Structure formats: structure tokens, C-alpha cells
Amino acid sequence: MSDLTKLTLAAARDALRKKEVTSTELTGAYLKEMEAATPLNAYVTVTADKAMEMAKASDEKLAKGEGGDLEGVPLGIKDLFCTKDVLTTACSHILDGFIPPYESTVTANLWRDGAVMLGKLNNDEFAMGSSNETSFYGPVVNPWRRKGSDAKLVPGGSSGGSSAAVAARLCAAATATDTGGSIRQPAAFTGTVGLKPTYGRCSRWGIVAFASSLDQAGPITRDVRDAAIMLKSMAGHDEKDTTSVDRPVPDYEAALGQSIKGLSVGIPKEYRVEGMPKEIDDLWTRGIEWLKAAGANVKEVSLPHTKYALPTYYIVAPAECSSNLARYDGVRYGLRVDGKDITEMYENTRAEGFGAEVKRRVLMGTYVLSAGYYDAYYLKAQKVRTLIARDFAEAFSEADVLLTPTAPSAAFGLGEKTDDPLSMYLNDVFTVTVNLAGLPGISVPAGLSSEGLPLGLQLIGRTFDEETLLRAAFAIEEAAGFTAEAEAWWRA
Amino acid sequence: MSVDQKTVRHIARLARIAVRDDELEALAKELNGILDWVEQLGEVDATDVEPMTSAVAMAMKMRDDVVKAENLQKEVTRNAPGAEDGFFVVPKVVE
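Protein chains in written order, with the working numbering: chain A, 1 to 492; chain B, 1001 to 1095.
There could be a bad hint or two in this list.
Some but not every residue of chain A turned toward chain B, in silico, with C-beta under 8 Å [said to hold, decoys possible]:
{"id": "1", "residue": "Y199"}
{"id": "2", "residue": "T242"}
{"id": "3", "residue": "G330"}
{"id": "4", "residue": "R336"}
{"id": "5", "residue": "T386"}
The list that follows gives simulated cross-link-like pairs (lysine-lysine, DSBU-like), each with its CA atoms no further than 30 Å apart [what the hints assert, rightly or not]:
{"id": "6", "chain 1": "A", "residue 1": "K61", "chain 2": "A", "residue 2": "K84"}
{"id": "7", "chain 1": "A", "residue 1": "K84", "chain 2": "B", "residue 2": "K1074"}
{"id": "8", "chain 1": "B", "residue 1": "K1074", "chain 2": "A", "residue 2": "K240"}
{"id": "9", "chain 1": "A", "residue 1": "K269", "chain 2": "A", "residue 2": "K383"}
{"id": "10", "chain 1": "A", "residue 1": "K18", "chain 2": "A", "residue 2": "K232"}
{"id": "11", "chain 1": "B", "residue 1": "K1061", "chain 2": "A", "residue 2": "K84"}
{"id": "12", "chain 1": "A", "residue 1": "K417", "chain 2": "A", "residue 2": "K147"}
{"id": "13", "chain 1": "A", "residue 1": "K240", "chain 2": "B", "residue 2": "K1068"}
{"id": "14", "chain 1": "B", "residue 1": "K1006", "chain 2": "A", "residue 2": "K340"}
{"id": "15", "chain 1": "A", "residue 1": "K278", "chain 2": "A", "residue 2": "K147"}
{"id": "16", "chain 1": "A", "residue 1": "K232", "chain 2": "B", "residue 2": "K1068"}
Read the hints as simulated data drawn from the structure, not as lab findings.
From a predicted model like this one, the values you see are computed outputs, not experimental measurements.
Backbone N, C-alpha and C fix where the C-beta goes; we use that ideal spot for every residue, glycine too.
Produce the complete structure using the sequences and hints provided.
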């Protein structure tokens, strides 16, 4: 029955409705695959009993011809989402043993629509990282390997558990979050689709906060249709998040397959960065040709402040992170390390509870917000952020979507970049601009590198125009015809 | 601008993270590496530019100021490393 895990989310949904398969069978098949895939370290918590319970409840509804849009479909949940009565740690030591008494809005929406929870997925600690190597629970291993090599590669980050689990068929789809590229870059590294919606489209309530003006939830899925289906369930207004937008959620799936004839596609010339590998550049050119062949009008656009996006991000994100992470004080939840007085207790708790990258960002954020430096760093970065957003507004006056590569390389080796924070940060060069401007972006698998690793193309859309974005992504997907899968070496 | 070990100690104190003396040099080096790199923002003239404070332009929503949740004292203290009778327990603060 392991063929069941080969079904896309859409195919599984349809098979469940037609009673060709039960959710209990499907969920059982995934739990078996998950057990055989422990070398990938994609899941940090498996909720087998809960999954079977939810599946049974779904089967009862499906038998009566009832149920929601995702009835009986098994999902993996990034450990950044609070799940009621289920351990939630953001993969940080400091959240040891934290059992939320509440459910995040996004996951609550998925359960409302009938989805089944398989477990919690690994991620970089507090979503700070681009390789899933900063997790307290150890790195995730990419299901993909270079041709003829058994070297372990990273699955991207911070949603590395989500991307690996979807690529290795350990869930029908997964939730993820994206602050600077954490959905799209891991999707590109694993041959999956990653959709970061417009800021405000999905509620942030109940998601462990990293940088609140940049964080946004979205799905990682096997194809564009699955991403459209997931977004419809995840999105929606929530009065518990003041930045959640009060506008109707369209039927994204209906946008797929519509013609892109006459669609205006912008190619940002500043994204042709120095030292970009030729195969990334070639992939980009192929993407342009595909869209042209489908009837789109392609034109060059300019985003002049692109090179300042990463430095801006590495001021804004640490500043917000240092404020958000102030709550981990050893008093209300998680780890406590005693000290001779309360201040020493705080300091010892945070010294032991946070990993090296998180400490680095908290210190950096504290510095740029501290008296005497606020204007020079933080205020300046916020002004440059305005200029970056203006660049996009200008580009979107003449283009409906923008096409870029998702990441400057294919997946790299475990440990290859951990000694140099800056080289790790540069991974997000094409994705981080999108978060700064609050726009939606999607990564679609578009080809293989010479070493046999997946590469992704990114489309960027107008604010709250995920429909056009998905329509264009679907066209890329159809033209690319990407069907390659990772060999299941981890089962051996 | 560059940070010395004394500054790192000061920031760590503000951030309430205990740092050992033998960690200071490496931390200063890392932070300076990042600060040198973000220094390039100095090239951008943003004199009359408004700082961006919201990712998507929207008016702040208001809600009625009414209590909606029930008494959640038990749930609120459930995860605390130290809790007694519905209160958080911390080391003595006032002598």
C-alpha cells in the first residue's frame, strides 16, 4: 500500500472523496514511511495516536459524504506552529517541554477543513537559518544526493523538515513559515513547491514569532495545485492578529490552467548577480523562454536597491528577533537554569537555552536598537526598506509578475557553510527582498543541476494577487515537466 | 563603527545572556563582520525617506475593549518551570 504516499494532496483528496481509499489507510501508510525515514530527521515529534484518531473521525464523515476541503488528508506541521496539547519547541532548547494550551490559527483552519496531523517537523532554531543546521534536534538531511555521491546535503532552511518530508513523501503536504526565504529556498533545494503568501494573508497568531513584520506562513507541497489548495485553507482573517487582512479568500485552485497569454513578466536585471553559477543563469533563461512560449510578454525591469536588501534584512530581522525573544526568561515556560538572583537566572537560562546563531542575532538586534545606534542602523534600515518596497511598486506598474531564480545554488553539503554566517546569509539574496516588501512569492522546481540536484525558479507577485502568481507558476510547472524524485536511500 | 569586547559584554548584559570571558573575542569578531557588511547602507541616500513600519499598508484595526476569555490561570501557568497556586515562582526579587 506504500503507493498511497505517492499521491499528491489533490489526488489523495479526490480518492478519499470517491471512497477509493480511507484516511486510516492513507495515514497508516504515511506513519510507516515516517518510521522508515528516521535517518532524514525530518520529524521532531510524531503524533501517531492523534493521527489515527483524526483519520478515523474523517473516515466517519467521508462515509456519510460529508467533510471539509482537506478531509482525511495527512499533513506535517512545522514545529513553529503551536499545536494544542502537542509539544511545540521551535526546535530550541529554551522551549523544552512546552505544551501549548492553544492552537495556532493556521493549523486550526487546517483541522477545521478535515486535515490529519502526522507530527511536528524539524526547523532551524526559531526559524533562524538557511540550512536547518541550527535546530537543537540536529540537522535535517536532504532526501536528494549528488549523482554518484552519498555525501549528506542540507534540505535548505529554515523549513528544512517541511521540505524534506514533502520531497521524501512523508506527508501529503506541510506547513512552513518564511521570514527571509524559509519556505522558498528549502523548496528549491528539494524539488518541491514553496509558497510564501502576501504579508497578512495568513494569521500569525500562535506561530512562534521571529521577526513579526516579515514572518508569514505558507505551504510546501509537491506541486502548484497542492499549494493552491493548502493556501485556501490556511488563509483568512483572524481578529487575534491585527496584521491579518480582512478580505475574502479566493478559490486559488480555479486560477490554475488559465491562459497566461498577454501576462506581463518582469525580469529584474539586478538579480543577475556576480558569480552566479551558469546553470542557474541557464535555468532562468529557460524559464523566460517557457513563459514567452505560453504567450507572456517578457520585459526587463529594474529594482535598483536590490543589493541593499540583505544588509537591511540583517538589521531589521535581528532587531525584531531581539524584542520577540525577550519573552524567554525561564519564568513562564520552557527551560530554567538557576542563578544566585533573578538576573543571573535570566542570563543563565538564555545562555544555555539559545544556540549560537540565535544568540548572535539577539546580540546584533540588541546592539542596533541600543541608545546611540538606533538611528544609524535601525532607522536607516527601515528607510532603505521603504526604497526597496518602492522599487517593487515601480516594477509592478509595468509587470504582473517577476521571474527570478530562487537561490544562487543547488543544495550544499552539511557543515559546508556553518563556520561563516555571512556566506550562509547570502543564500537568501533572491528571496529576502520579497519579505521586506511584504509581497507573495513562490518557488517552482524547474530542472536539475549537472550534479542531479533540483533547482527552483521564483515568481514574485503583487500584494494579495496570489491568483496571478499561481497561474504563472502553473504555467512554469507545465513547461518544466519536472518529474524527478529523490531515490529512497534512507530506507536501506 | 566597531564593537570591542567591553561593548559585547554590555550588549550581552542588556540582552540578559550570560557570556564567558573566553567567548568575548569570537563574538566581537562575528558581530564586527556583520556590522562591516551592513555598513554599505551608508551609500544609500535616504534623507527624506519615511521609514517603513508596516509590511503592507493597512489601517490599525480597533476592537471593543471587552474581556472575551474566561479565567485561564491554570492554562497560563501550566508550562511554568516554577508555579504554585496559580502564580509564577521566581527567585527572591525584594530583600
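Outcome of the hint check:
At about 4 Å, the closest approach between the beta carbon of Y199/A and any beta carbon in chain B falls short of 8 Å, and the interface hint on this residue holds. For T242/A, the interface hint holds, the least distance from its beta-carbon to any beta-carbon of chain B being 5 Å, beneath 8 Å. For G330/A, the interface hint holds, the least distance from its beta-carbon to any beta-carbon of chain B being 6 Å, beneath 8 Å. Restraint check, R336/A versus chain B: the minimum CB separation of about 4 Å is within 8 Å; hint holds.
The interface hint given for T386/A is met, as the beta carbon of that residue sits about 4 Å from the closest beta carbon of chain B, less than 8 Å. Of the pairs offered as hints, the one joining K61/A and K84/A holds, with about 23 Å between alpha carbons and a cut-off of 30 Å not exceeded. In summary, the hint linking K84/A to K1074/B is supported, as the alpha carbons are separated by about 15 Å, within the 30 Å threshold. Among the hinted pairs, K1074/B with K240/A is consistent with the structure: their alpha-carbon atoms are about 21 Å apart, no more than 30 Å.
Between K269/A and K383/A, the direct Cα distance comes to roughly 23 Å. Compliance with the 30 Å bound is thereby established for this hinted pair. The hinted pair formed by K18/A and K232/A meets the criterion: a straight-line CA distance of about 21 Å does not exceed 30 Å. With a CA separation close to 27 Å, the supplied pair K1061/B and K84/A stays within the 30 Å bound. Only pairs whose Cα atoms come within 30 Å are accepted, and K417/A paired with K147/A is accepted, the gap being roughly 21 Å.
Simply put, K240/A and K1068/B have alpha-carbon atoms about 11 Å apart, close enough for the 30 Å limit, and the pair holds. With a C-alpha separation of about 23 Å, the suggested pairing of K1006/B with K340/A holds against the 30 Å cut-off. Among the hinted pairs, K278/A with K147/A is consistent with the structure: their alpha-carbon atoms are about 19 Å apart, no more than 30 Å. Proposed proximity of K232/A and K1068/B is supported: the alpha carbons are some 28 Å apart, at most 30 Å.
Hint compliance for this structure: no hint is broken.
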